[in-house]
Amino acid sequence: MTTRAALPLLPLIATPLLLVGSNIFMTYAWYGHLRDLKASPLWIAIGVSWLVAFFEYCLQVPANRIGYEQAGYSLAQLKVMQEVITMAVFAAFAILYMREKLSMNFVYAGICLVAAAWFMFRDFKPAA
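If you're matching positions, the sequence shown starts at 1 in this note's numbering and goes up one per residue.
The set of hints was computed from the structure by calculation and includes no laboratory data. Idealized CB from N, CA, C, for every residue including glycine. One should not assume that every hint holds.
[What the hints assert, rightly or not] Computed spacing ranges between beta-carbons, pair by pair:
| id | residue 1 | residue 2 | range |
| --- | --- | --- | --- |
| 1 | Asp36 | Phe124 | 32 to 42 Å |
| 2 | Leu37 | Ala116 | 28 to 38 Å |
| 3 | Glu83 | Cys58 | 19 to 29 Å |
| 4 | Met104 | Pro62 | 28 to 38 Å |
| 5 | Gly72 | Ser103 | 35 to 45 Å |
| 6 | Tyr31 | Val114 | 36 to 46 Å |
| 7 | Leu42 | Trp118 | 34 to 44 Å |
Build out the structure end to end from the sequences listed, making use of the hints.
Listed below in structure tokens is the structure:
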């Protein structure tokens, strides 16, 4: 049973979950063609990427709207949250799908992004 106290948490949770989903589509749209369509003409890779990106937008736009209007995230907080999620999804994609190794520089960049997120969210108070 859902209580009224739990309802304000839904936008706080829905926003990052939708951003993770959108980033999976985005990362594949941007980089999946390097593996799956490397023998195809560029125009086919662009078309397929646009098709995949449509689904990214179907998750990204609601995530930003919910996060901004209902959860009370600022525009800057949404952007930094997006970048941290993007790095995490990209790391998983690079390792698991593209079979590439990540350098320590990637790890250091990720640490810097997490630090940026800390600064952006240290005074955050969810919307009432």
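For each hint given before, does the structure comply? Return the numbers of the non-compliant ones in rising order. Hint 6 contradicted; others consistent.
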